[in-house]
Amino acid sequence: MTRRLAIISIFLLAACSGQPDNETLAKAEAEQGAMQADNGRIDCALDGAETFSRECTTDRISGPDRELLIIQHPDGGFQRFEIVTDGRGLIAADGFDDTEIRLLDNDEIEVTAGEDRYKLPARIQSGAAASDAQ
Numbered sequence: 080m081t082r083r084l085a086i087i088s089i090f091l092l093a094a095c096s097g098q099p100d101n102e103t104l105a106k107a108e109a110e111q112g113a114m115q116a117d118n119g120r121i122d123c124a125l126d127g128a129e130t131f132s133r134e135c136t137t138d139r140i141s142g143p144d145r146e147l148l149i150i151q152h153p154d155g156g157f158q159r160f161e162i163v164t165d166g167r168g169l170i171a172a173d174g175f176d177d178t179e180i181r182l183l184d185n186d187e188i189e190v191t192a193g194e195d196r197y198k199l200p201a202r203i204q205s206g207a208a209a210s211d212a213q
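Just so you know, we're using our numbering here: the sequence shown kicks off at 80 and counts up by one.
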């Protein structure tokens with residue numbers, strides 16, 4: 080699962096900059112090692128919670144027409160996002176509430192879907208900015 084999250088990071092990089100460079104790939108590999116210590120979990124704040132906790136997991140599914148990122152909640156709930164390469168990074172895959180993506184710092188984004196928020200690793204190249212996805 081951690082490997083999938085690192086791959087997702089690479090997809091987000093590709094979405095923002097065309098193709099990742101060697102330095103970006105090296106950073107993604109380093110992140111993968113760091114995330115293994117977290118057992119593939121990401122920070123999430125569910126159902127309008129104000130604080131984040133590292134209890135959600137991710138999975139990636141490759142289909143013939145699209146790539147999906149599934150974020151699984153500890154209670155069995157989940158959110159599905161489509162990984163896109165048009166500069167947005169992620170969009171809602173199931174038509175749920177509007178999805179917003181906000182850059183937190185140089186290597187992390189916050190994805191908001193309805194009352195749920197997630198922090199995901201990402202590398203945003205200069206000239207590309209996180210934007211609202213619809």
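Treat the hints with care, since some could be wrong.
[Unchecked claim] Derived DMTMM-like pairs: lysine to aspartate or glutamate, alpha-carbon spacing no greater than 25 Å straight-line:
#1 K198 x D184
#2 K198 x E161
#3 K198 x E134
#4 K198 x E146
#5 K198 x D186
#6 K198 x D165
#7 K198 x D126
#8 K198 x D122
#9 K198 x D154
#10 K198 x E129
#11 K198 x D173
Hints listed in this document are in silico derivations from the structure and should not be mistaken for laboratory results.
Each hint tested on the structure:
In summary, the hint linking K198 to D184 is supported, as the alpha carbons are separated by about 11 Å, within the 25 Å threshold. Restraint check for K198 and E161: the C-alpha separation of about 16 Å stays at or below 25 Å, so the hint holds. For the proposed pair K198 and E134, the alpha carbon gap of about 11 Å is at most 25 Å, so the pair holds. In summary, the hint linking K198 to E146 is supported, as the alpha carbons are separated by about 19 Å, within the 25 Å threshold.
Among the hinted pairs, K198 with D186 is consistent with the structure: their alpha-carbon atoms are about 10 Å apart, no more than 25 Å. With a C-alpha separation of about 20 Å, the suggested pairing of K198 with D165 holds against the 25 Å cut-off. Between the alpha carbons of K198 and D126 the distance comes to roughly 15 Å, so the proposed pair stays at or under 25 Å and holds. In summary, the hint linking K198 to D122 is supported, as the alpha carbons are separated by about 5 Å, within the 25 Å threshold.
Restraint check: the Cα-Cα separation between K198 and D154 comes to about 18 Å, which is no more than 25 Å; the hinted pair holds. Restraint check for K198 and E129: satisfied, since their Cα atoms lie roughly 13 Å apart, inside the 25 Å limit. Proximity of K198 to D173 is assessed by CA-CA distance (about 20 Å); at most 25 Å being required, the pair is judged to hold.
The structure agrees with every numbered hint stated previously.
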